[in-house]
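> Residues per chain, in single letters:
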Amino acid sequence: MFGLVLLFSVVVYLLSIFLLMAIKFKWGMRLAGSISLVVISGMMIVFLYEAWPALEQYGFGLLTTAGWDPPREEYGLLPAIIGTLITSAVAIAIAVPLAISIAVTINEMLPRSLRTIFASLVDLIAAMPTVIFGLWGLFVLGPALADFINTAVGEYVAAPLSLLTASILLAIMITPYAAAVIREGYALVPKVVEEAIYSVGATKLEAVFIKLKYVKNYIFGGLFLALGRAMGETVAVAMVIGGNYSRLPQSLLESGITLSSLIALQFPNAAAYAYMIPVLFTAALMVAVLGLVINGVAIYILYKTQI
Amino acid sequence: MIDIRGLRLWFGNLQVLNGVELKIPKNTVFAMMGPSGSGKSTILRVINRLIELYPEAKVEGEVYLDGNDIFKMDVVELRRRVQMVFQIPNPIPNLSIFENVALGPKLNKLVKSKAELFQLVKESLEKAQLWDEVKDRLKTPAGKLSGGQQQRLCIARALAFNPEVVLMDEPTANLDPENTAKVEELIVDMKKERTVVVVTHYPPQAARISDYVAFLYKGTIVESGAVREVFTNPRHELTEKYVTGKVY
Amino acid sequence: MRKQLNTVGLALFAVLAFLAVLPLFHIIIDVYTKGISAIVELGGLSFLFDIPPTPYDNKGGVGPLLVGTLYMTFLGAVLGVLLGFPLGVYIGEFRKEFFANFSRGGVNILVEFPTITVGLFVYALFSISLVDINPMLEGISNALASVAGGWVKHFIGGLSQFNAYAGALALAIIMIPYVALFTASAYASIEQNTREAAYAIAGREYRAVFIVLRKAVSRAVLAAVLLGTAKIAGETAPLLFTAFGNVYYAPFTEATGAIPLWIWYAAQTPYEVQIASAYGAAAVLLTIVLAIFFAARLRQ
Numbered sequence: 001m002f003g004l005v006l007l008f009s010v011v012v013y014l015l016s017i018f019l020l021m022a023i024k025f026k027w028g029m030r031l032a033g034s035i036s037l038v039v040i041s042g043m044m045i046v047f048l049y050e051a052w053p054a055l056e057q058y059g060f061g062l063l064t065t066a067g068w069d070p071p072r073e074e075y076g077l078l079p080a081i082i083g084t085l086i087t088s089a090v091a092i093a094i095a096v097p098l099a100i101s102i103a104v105t106i107n108e109m110l111p112r113s114l115r116t117i118f119a120s121l122v123d124l125i126a127a128m129p130t131v132i133f134g135l136w137g138l139f140v141l142g143p144a145l146a147d148f149i150n151t152a153v154g155e156y157v158a159a160p161l162s163l164l165t166a167s168i169l170l171a172i173m174i175t176p177y178a179a180a181v182i183r184e185g186y187a188l189v190p191k192v193v194e195e196a197i198y199s200v201g202a203t204k205l206e207a208v209f210i211k212l213k214y215v216k217n218y219i220f221g222g223l224f225l226a227l228g229r230a231m232g233e234t235v236a237v238a239m240v241i242g243g244n245y246s247r248l249p250q251s252l253l254e255s256g257i258t259l260s261s262l263i264a265l266q267f268p269n270a271a272a273y274a275y276m277i278p279v280l281f282t283a284a285l286m287v288a289v290l291g292l293v294i295n296g297v298a299i300y301i302l303y304k305t306q307i
Numbered sequence: 308m309i310d311i312r313g314l315r316l317w318f319g320n321l322q323v324l325n326g327v328e329l330k331i332p333k334n335t336v337f338a339m340m341g342p343s344g345s346g347k348s349t350i351l352r353v354i355n356r357l358i359e360l361y362p363e364a365k366v367e368g369e370v371y372l373d374g375n376d377i378f379k380m381d382v383v384e385l386r387r388r389v390q391m392v393f394q395i396p397n398p399i400p401n402l403s404i405f406e407n408v409a410l411g412p413k414l415n416k417l418v419k420s421k422a423e424l425f426q427l428v429k430e431s432l433e434k435a436q437l438w439d440e441v442k443d444r445l446k447t448p449a450g451k452l453s454g455g456q457q458q459r460l461c462i463a464r465a466l467a468f469n470p471e472v473v474l475m476d477e478p479t480a481n482l483d484p485e486n487t488a489k490v491e492e493l494i495v496d497m498k499k500e501r502t503v504v505v506v507t508h509y510p511p512q513a514a515r516i517s518d519y520v521a522f523l524y525k526g527t528i529v530e531s532g533a534v535r536e537v538f539t540n541p542r543h544e545l546t547e548k549y550v551t552g553k554v555y
Numbered sequence: 556m557r558k559q560l561n562t563v564g565l566a567l568f569a570v571l572a573f574l575a576v577l578p579l580f581h582i583i584i585d586v587y588t589k590g591i592s593a594i595v596e597l598g599g600l601s602f603l604f605d606i607p608p609t610p611y612d613n614k615g616g617v618g619p620l621l622v623g624t625l626y627m628t629f630l631g632a633v634l635g636v637l638l639g640f641p642l643g644v645y646i647g648e649f650r651k652e653f654f655a656n657f658s659r660g661g662v663n664i665l666v667e668f669p670t671i672t673v674g675l676f677v678y679a680l681f682s683i684s685l686v687d688i689n690p691m692l693e694g695i696s697n698a699l700a701s702v703a704g705g706w707v708k709h710f711i712g713g714l715s716q717f718n719a720y721a722g723a724l725a726l727a728i729i730m731i732p733y734v735a736l737f738t739a740s741a742y743a744s745i746e747q748n749t750r751e752a753a754y755a756i757a758g759r760e761y762r763a764v765f766i767v768l769r770k771a772v773s774r775a776v777l778a779a780v781l782l783g784t785a786k787i788a789g790e791t792a793p794l795l796f797t798a799f800g801n802v803y804y805a806p807f808t809e810a811t812g813a814i815p816l817w818i819w820y821a822a823q824t825p826y827e828v829q830i831a832s833a834y835g836a837a838a839v840l841l842t843i844v845l846a847i848f849f850a851a852r853l854r855q
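Protein chains in written order, with my numbering: chain A, 1 to 307; chain B, 308 to 555; chain C, 556 to 855.
Note that these hints are calculated values from the structure, not bench results. Be aware that one or more of the hints could be misleading.
Said to hold, decoys possible - Pairs of lysine-lysine residues, derived as DSBU-like cross-links and limited to a Cα-Cα distance of at most 30 Å, are as follows:
#1 A:Lys213 with B:Lys413
#2 B:Lys333 with B:Lys365
#3 B:Lys442 with B:Lys379
#4 A:Lys191 with B:Lys413
#5 A:Lys213 with B:Lys333
As the list claims (entries may be wrong) - Simulated coverage check for chain C against chain A, where a stretch passes if three residues somewhere in it have a Cβ under 8 Å from a Cβ of chain A:
#6 579-585
#7 620-631
#8 730-744
#9 785-795
#10 801-811
#11 830-839
Just so it is clear, CB atoms sit at the ideal spot from N, CA and C, and this is done for glycine as well.
With the rest of the complex left out, here is chain A (with noise of 0.2 Å):
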């Protein structure tokens, strides 16, 4: 009954957007508008009614406790939420001066025929499966990652499969993502506040520096929306973190899980008991609402900043 329900609702919602705008356009363009809309808040609807049994049955608990015991029925998120934090944290230490590197050299050093070509690059990254990056993760960066610290340390500290080789894997791919933001603002720096720059003695690092606080705001709506992407990963996240789901992170040199991730790797077996699958809608909901605040953070920074 339900389902026929929704499938009458979103075929009466798509043919009146096609038929209002034969008869008052400005309204079928206006119902084509919240098409955006319509799609987040029926996710976070879905989510709740979803994760609403676990919620009832484990109430807030779900979200402090650690533990992941099938069999028993017992879940807890919190090395799930505590891993999201600490991969996102150091990917975006990481990608950060990365981006602004890149928009300082494209917008600074490259000759003009040049800076095509490195951006497209760095868009290519962005452009990348990212169960490719998973694979490179898995058999390349890890082993490599964990051999050189090993051979560093002189004994064996670092697992290939770690919440470092997670945080760097994101730190890459997140990059491009900080870095189209960061070259946008900096190169809208009006000529005349350069040539003020110029003109009071700066270097050309210095001029760097003033221009890079002068679109600070760019900065921070980059680096948001770059955590956004960060917290939500899925795939090459899961092939290199290890699947730690139950025990709380000591180190980064060790095994994880994020909350992303833990959906993925859990999913195809939930079905087998009564509450992982609402407890894992539990863990989208969390992972749709940091998307949903982050990125509207993020959003929020740089509209302001435009106008």
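Dock chains B and C against the given chain A, drawing on the hints supplied.
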């Protein structure tokens, strides 16, 4: 003393300066006038090498500052000695009023202590007749000031370097009469200690404030000399038409 | 001292920027060297048609996965353009409207939204509604099959929980904001006099906006469509719970394989031959994505 010899300049394929020869004596106000597009601002940007921020510009010729070739000088050092005030007041808008003046001396290590820096900023703002208006809000972003105040802030920023030369690119073009009068007063005041090169396309202003003038037309100097000479007894027909307002 | 600092600092920026793109080269080289030798070993050209290897095979390919990827990407792209284009026109052409700001905010958030949530969303929609919809679909399928032949059942019929259409819908939702944002910026950059001319000659408003003005932005929109297609062709997370993956040539109403899903699955198995096939599949996928990406770049 600034000595410009055979200066030619292209933006891409467009030739903007066509063999400019000019001698600007020390401690005078030297006005360059001419219709828009005649290359006045471009000459200023060559003198402090800001022209290098325009990658499509190609420069030929020589410019000497007190006998030294500016193209062989350290560019940061040159810009410290040759300051510039722009047509559109351009404080760095996100920095505070204080920082806008203090930035240059700080970057170039012209002062040794915070107290000295404050003193320098204060003196510069006083010389630019802005101190009384802003002394209670030195931490406000410079973008919040009015246009006239911003322009005087830019003058203060230039004076903080105690420069030998101040280049002014139509400094009053965007100001109201009251601020224009203040800025003109500042210009005349400045020449006690430094050379001022001011670009204007308003001949009466040149007549009011300058000692020497040059008249530019289509990238060449048509006429230059002492202000009274050029205004009362122009040798060239074009100059006469311009100073009497028949050519823009 | 200041001069040296200047040189060193600028060099540091350049080095970091170079470092940021270095992994890209390593990844591409790694995928192609391991991938091509895997393809040769697993069957050469037949790699494109064979079913994936089981742990005990020494030959295999990506046939059903390639078909699934192409089918779902195509459907997703079509649906994404169909909905994303008018949405983009609205936020680009009517950007002064109050509601357009919300709409734009929504699109900007959706384009950055974690893709796994889209997959789960579609999964939930299908698991809620299939019971009611399937009898209808089976009726349609039987009716069509009696007219056109049994092949129809390969495409239309009662859907399983996991099927190609769920995958395509998830990909479409990811595609929509891509197309919308590029379309919007293309429409926003149309000059005012072009716009006035379009309204003057077109008569009806929708013709001005969708037909006349579209000609002014068609290159940019086409590039956007291609970039969006490249993006969804490589997506994995949204397919995990919608298409699910399949190693056989199966009807699209059943669980359907896709190249990214196979890479994800096979790379995590302990079997050499499957890991090799994951690299082979990655080389195929990368080729598809690079081809679309550069086609889009050349059009920009």
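> CA of B:Lys333 to CA of B:Lys365, is that 30 Å or under?
holds, 28 Å
> Between A:Lys191 and B:Lys413, is the straight-line Cα distance small enough, at 30 Å or below?
Since the Cα atoms of A:Lys191 and B:Lys413 sit roughly 23 Å apart, the hinted pair holds (cutoff 30 Å).
> Between the region 801-811 of chain C and chain A, are there enough contacts, at least three residues with CB-CB distance under 8 Å, for the coverage claim to hold?
violated (count 0)
> Closer than 8 Å, Cβ to Cβ, for at least three residues: run that test on the region 579-585 of chain C against chain A and report holds or violated.
holds (count 4)
> With a cut-off of 8 Å between beta carbons, are at least three residues of the region 730-744 of chain C near chain A?
Contact hint for the region 730-744 of chain C vs chain A: holds, 3 residues under 8 Å.
> Counting residues of the region 830-839 of chain C that have a beta-carbon nearer than 8 Å to any beta-carbon of chain A, does the count reach 3?
Check passed, 4 qualifying residues.
> Mind checking the alpha carbons of B:Lys442 and B:Lys379 for me, to see if they're no more than 30 Å apart?
Since the Cα atoms of B:Lys442 and B:Lys379 sit roughly 40 Å apart, the hinted pair is violated (cutoff 30 Å).
> Holds or violated: A:Lys213 with B:Lys333, Cα cutoff 30 Å?
violated, 38 Å
> Would you mind confirming whether the straight-line C-alpha gap from A:Lys213 to B:Lys413 stays at or under 30 Å?
holds, 16 Å
> Can you tell me if the region 620-631 of chain C counts as covered by chain A, using C-beta to C-beta distances under 8 Å and a minimum of three residues?
With 0 residues closer than 8 Å to chain A, the region 620-631 of chain C misses the three-residue bar; violated.
> Are at least 3 residues of the region 785-795 of chain C within less than 8 Å of chain A when you compare beta carbons?
With 8 residues close enough to chain A, the hint holds.
When each numbered hint is compared with the structure, violations occur for hints 3, 5, 7, 10.
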